[in-house]
Amino acid sequence: MSDDKKILIVDDDADQREILAIELQSAGYQVLTAEGESAAEDLLMSTRPDLAVVDLMMDNMDSGFVLSHRIKQLYPETPVIILTSVAAETRLEFNIDPDDKQSWIKADAWIDKPVRAEQLCGEIERLLNA
Amino acid sequence: MTETLNVLVCDDEPGMLKGTERALRRHQIELVDLQTTVAFNVVMADSGEKALERIQAERPDILLLDYKLPGISGLEVQEQLAQQGLDILTVMISAYSSLQTVITATKRGAFDFVVKPFTPDELRTTVQRAAHHLLLHRQALRLAEERKQIRFEFIRVLGHELKAPLAAVEGYMRLLEKQALGDQISQYGHIVERSLIRLDGMRKLIYDLLDLTRIESGKKQRDLVSVDVCEAVRMAVETALPEAQERQISIHADIPDELTMHADRGELEIILNNLLSNAVKYNKDEGSVTITVANQGDQVRIDVADTGIGMSPEESARLFNEFVRIKNEKTASILGSGLGLSIVKKLVALYGGTISVASEKDVGTTFTVVLHKEPHAQEATVQAAGA
Chain F
18 MSDDKKILIV
28 DDDADQREIL
38 AIELQSAGYQ
48 VLTAEGESAA
58 EDLLMSTRPD
68 LAVVDLMMDN
78 MDSGFVLSHR
88 IKQLYPETPV
98 IILTSVAAET
108 RLEFNIDPDD
118 KQSWIKADAW
128 IDKPVRAEQL
138 CGEIERLLNA
Chain G
26 MTETLNVLVC
36 DDEPGMLKGT
46 ERALRRHQIE
56 LVDLQTTVAF
66 NVVMADSGEK
76 ALERIQAERP
86 DILLLDYKLP
96 GISGLEVQEQ
106 LAQQGLDILT
116 VMISAYSSLQ
126 TVITATKRGA
136 FDFVVKPFTP
146 DELRTTVQRA
156 AHHLLLHRQA
166 LRLAEERKQI
176 RFEFIRVLGH
186 ELKAPLAAVE
196 GYMRLLEKQA
206 LGDQISQYGH
216 IVERSLIRLD
226 GMRKLIYDLL
236 DLTRIESGKK
246 QRDLVSVDVC
256 EAVRMAVETA
266 LPEAQERQIS
276 IHADIPDELT
286 MHADRGELEI
296 ILNNLLSNAV
306 KYNKDEGSVT
316 ITVANQGDQV
326 RIDVADTGIG
336 MSPEESARLF
346 NEFVRIKNEK
356 TASILGSGLG
366 LSIVKKLVAL
376 YGGTISVASE
386 KDVGTTFTVV
396 LHKEPHAQEA
406 TVQAAGA
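Those protein sequences? They're chains F and G, same order as listed. According to our numbering, the residues represented by the first sequence are 18 to 147, in order. According to our numbering, the residues represented by the second sequence are 26 to 412, in order.
Each hint should be verified, as a subset may be incorrect.
[Unchecked claim] Listed next, the in silico DSBU-like pairs over lysine-lysine satisfying Cα-Cα at most 30 Å (straight line):
1. 371(G) - 306(G)
2. 188(G) - 23(F)
3. 93(G) - 75(G)
4. 306(G) - 22(F)
5. 43(G) - 93(G)
6. 130(F) - 173(G)
7. 130(F) - 203(G)
8. 371(G) - 386(G)
9. 130(F) - 229(G)
10. 386(G) - 23(F)
11. 173(G) - 370(G)
12. 229(G) - 306(G)
13. 141(G) - 93(G)
14. 386(G) - 398(G)
15. 141(G) - 130(F)
16. 371(G) - 173(G)
17. 229(G) - 386(G)
18. 306(G) - 188(G)
19. 130(F) - 89(F)
20. 371(G) - 245(G)
21. 188(G) - 244(G)
It is worth saying that the hints were derived from the structure and are not from the lab.
Assemble the whole structure, with the sequences as input and the hints as a guide.
Printed below as a string of structure tokens:
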């Protein structure tokens, strides 16, 4: 059922991009990758992904937030999953309610790194079927 | 900078209160070493009880406290302050007859004492000493706090940099485990190669970190001997050559036959290897690297120029900070610990030297290092401690 769903992966680590791409392709998704904010923005101009998986810390501490916000502006229906290790590194906790209209941080799910493919696929499946 | 300190004077003699207020009211002192001008705001209390009240309300920085008071004594006031953990610098005021008490008070934490009767100048001198002590103490606290923050930030970024290669290798291993690319081992060559590259990068980071820590602690064993810089350069070129040849980058050395200086071989090697390795890494395929060594009296000048991707002025300015790796589409695939140039900068300082960079985007970058031929051991220790 996930055959032709397009997933956008944005991560500045080339190996992470490759690993996630292989994992998601073997789960039957079509995968697009981008290495950062600007590459992702270019891609988004021509393509509407069905879901985006975005690393939080790329060029800047908050690149993932900014990009997620942008995706939601362009395609409000596209779910965004943010991958983060910020919680573990800074002991900051995110309590983000995706339905909170006040929150400028638009994301539908957060996954702590390191990410297990099974967990990521589970979240993707859940959000695509929601 | 001007700072106004609140001074609370507690004495039961109205004349003393007035006199103290007059002596300090329009008085300003220059603390040259702290580059601060200090002015005073004087508050008065004629009993220990009132002093405690005013301390709660005004939070004075300095307390001039008479020992002999009608109600609770100066010592009791001091005790209560200590119990509440208030950071107030106390100067005891006393007559000769009760010198013993002042000594007791000093033992309990009073900073100083002034003996009655005193002249306005004597009072001012005592208060100046107190103000100087207080501001120095606060500055030390501030610096300690800043150092703690910098250390925290360093460790946070370090943790991030160490976890990234671990996550990559772990991810690749899981792909192998579930045979995500099929059951032919040949299909996993790329994955194995990438894993090894990331592990290598991680090892390099750990080595760089240890180098940096040794240099910063000043505990690194330095063996200053007579070294031929040109020979060291020839060796560093040899080290950089395999990586350069892979990408058809040529390395030219424009150096005299011999140029000796006093240096630690290991340190010189780290400086040269880092600069040459960067010049190759951030070069274009088929580019070139030129290393020049020049004799400049009591100094040696080393230039490493590349025909690489270059940097904008903003990027150059950030370059020598820890973990700063210039990130853009051209550097995305280049691996590095982000500590190399911080290490070079600290080592160069050990030679009373300088490092500078000139760069133009898409044209190339030149790093220039100037080292003293006879680095003074003493100077080196001081600089390492302050590095």
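Hints versus structure:
Only pairs whose Cα atoms come within 30 Å are accepted, and residue 371(G) paired with residue 306(G) is accepted, the gap being roughly 22 Å. Restraint check for residue 188(G) and residue 23(F): satisfied, since their Cα atoms lie roughly 29 Å apart, inside the 30 Å limit. A distance of roughly 14 Å separates the Cα atoms of residue 93(G) and residue 75(G); the hinted pair therefore holds under the 30 Å criterion. For the hint linking residue 306(G) to residue 22(F), the alpha-carbon distance of about 39 Å lies beyond 30 Å, and the restraint is violated.
Restraint check for residue 43(G) and residue 93(G): satisfied, since their Cα atoms lie roughly 18 Å apart, inside the 30 Å limit. Of the pairs offered as hints, the one joining residue 130(F) and residue 173(G) holds, with about 27 Å between alpha carbons and a cut-off of 30 Å not exceeded. A hinted pair counts as satisfied when its Cα atoms are at most 30 Å apart, and residue 130(F) with residue 203(G) qualifies at roughly 20 Å. Proximity of residue 371(G) to residue 386(G) is assessed by CA-CA distance (about 26 Å); at most 30 Å being required, the pair is judged to hold.
Taking the CA atoms of residue 130(F) and residue 229(G), the gap is near 23 Å; set against the 30 Å cutoff, the hint holds. Restraint check for residue 386(G) and residue 23(F): the C-alpha separation of about 37 Å exceeds 30 Å, so the hint is violated. Taking the CA atoms of residue 173(G) and residue 370(G), the gap is near 22 Å; set against the 30 Å cutoff, the hint holds. Simply put, residue 229(G) and residue 306(G) have alpha-carbon atoms about 15 Å apart, close enough for the 30 Å limit, and the pair holds.
Between the alpha carbons of residue 141(G) and residue 93(G) the distance comes to roughly 12 Å, so the proposed pair stays at or under 30 Å and holds. A threshold of 30 Å between alpha carbons decides the hint, and for residue 386(G) with residue 398(G) the separation of about 33 Å lies outside it, so the pair is violated. This hinted pair does not check out: residue 141(G) and residue 130(F) have alpha carbons roughly 69 Å apart, beyond 30 Å. Under the criterion of a C-alpha separation no larger than 30 Å, the hint pairing residue 371(G) with residue 173(G) is consistent with the structure, at around 20 Å.
Proximity of residue 229(G) to residue 386(G) is assessed by CA-CA distance (about 27 Å); at most 30 Å being required, the pair is judged to hold. The straight-line distance between the Cα atoms of residue 306(G) and residue 188(G) is roughly 23 Å, inside the 30 Å bound, and the hint therefore holds. In summary, the hint linking residue 130(F) to residue 89(F) is supported, as the alpha carbons are separated by about 23 Å, within the 30 Å threshold. With a C-alpha separation of about 12 Å, the suggested pairing of residue 371(G) with residue 245(G) holds against the 30 Å cut-off.
Distance restraint check for residue 188(G) and residue 244(G): the Cα-Cα separation of roughly 28 Å lies within the 30 Å cut-off, and the hinted pair is therefore satisfied.
Hint check: violations occur at hints 4, 10, 14 and 15; the rest are consistent with the structure.
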